[in-house]
Each structure stands twice: as C-alpha cells, then as structure tokens.
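Novice: Assemble the whole structure, with the sequences as input and the hints as a guide.
The opening residue of the sequence shown carries number 41 in our numbering; numbering runs sequentially from there.
Any given hint could be a false lead.
[What the hints assert, rightly or not] Okay, the calculated beta carbon distance ranges per label pair:
no.: 1; residue 1: L66; residue 2: I87; range: 21 to 31 Å
no.: 2; residue 1: P68; residue 2: V139; range: 35 to 45 Å
no.: 3; residue 1: T57; residue 2: V139; range: 15 to 25 Å
no.: 4; residue 1: E104; residue 2: A78; range: 24 to 34 Å
no.: 5; residue 1: A120; residue 2: E62; range: 15 to 25 Å
no.: 6; residue 1: G118; residue 2: A142; range: 30 to 40 Å
To be clear, the hints were calculated from the coordinates, so they are not data collected in a lab. Since the structure is predicted, the reported quantities are computational estimates derived from the model, not experimental observations. Even for Gly, the Cβ is constructed at its ideal location relative to N, Cα and C.
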Amino acid sequence: MATASETPVLDTLAAMTVDSVERCGLTPDMFMLTRIAALAASDAPPISYVANIDPALKAGMTAEQMQDVLVAIAPIVGTARVMTAAGNIAAALGIAIAVAEAETQGQG
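Specialist: See the structure below:
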C-alpha cells in the first residue's frame, strides 16, 4: 500500500512531471512551450495553467512566447480553444500574482 499523504493528487502530479522532465530531451523552454500547447489543445482549466506558468517563466518563457504558441496552434485546435486558453492563462497569471503578493505581505 502507498504511503499516506495529505496531498496525494498533487504528489502524483509532481512525480509524473519529474518523470516526464527526466525522460524528455527538450530544452526547458521548449518543454514548457510544448506543455502550454498541450494545455490549450486539451481545453485545460486555469488551475492547470497555474501549475505550469511559474515553471515556464523560470525556464525563460515570456508572455509573448505563450501568445506565439497560441497563434501557432490556432489553425489546429480552433478559435474557441485558443480563446479559452488565452483567458485561462490570464486567470492563471492573476492567481500567481495574487499568491506572490500574499506571500510577500506575509513575510513583511
């Protein structure tokens, strides 16, 4: 039986991500570009973007590159998915900013 955890879903997702990174030969920025494209293609909710925005920024991705990814995949995934993805990325960025501000205020 698996070890009990208070966050089994997050722990599983983290382990899957680590495994994916270790098995992938893409550079960190290309890895994150690919993940953003996959999130958009799968019509992922904002929380999925929240989990990927910070690593994407740490990998050197810019907001412009995220927009470029959406432009590149638009003919394949369609207008509705791209518009939903753009809104979800904006929501995720807002959530990430709010969390960072709360952490900063908690430290001050």
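Novice: Work down the list of hints and note, for each, if the structure agrees.
Specialist: Each hint tested on the structure:
| no. | hint | in the structure |
| --- | --- | --- |
| 1 | L66 - I87: 21 to 31 Å | holds (24 Å) |
| 2 | P68 - V139: 35 to 45 Å | violated (22 Å) |
| 3 | T57 - V139: 15 to 25 Å | holds (19 Å) |
| 4 | E104 - A78: 24 to 34 Å | violated (19 Å) |
| 5 | A120 - E62: 15 to 25 Å | violated (35 Å) |
| 6 | G118 - A142: 30 to 40 Å | holds (36 Å) |
Hints 2, 4, 5, counting from the list given before, are not met by this structure.
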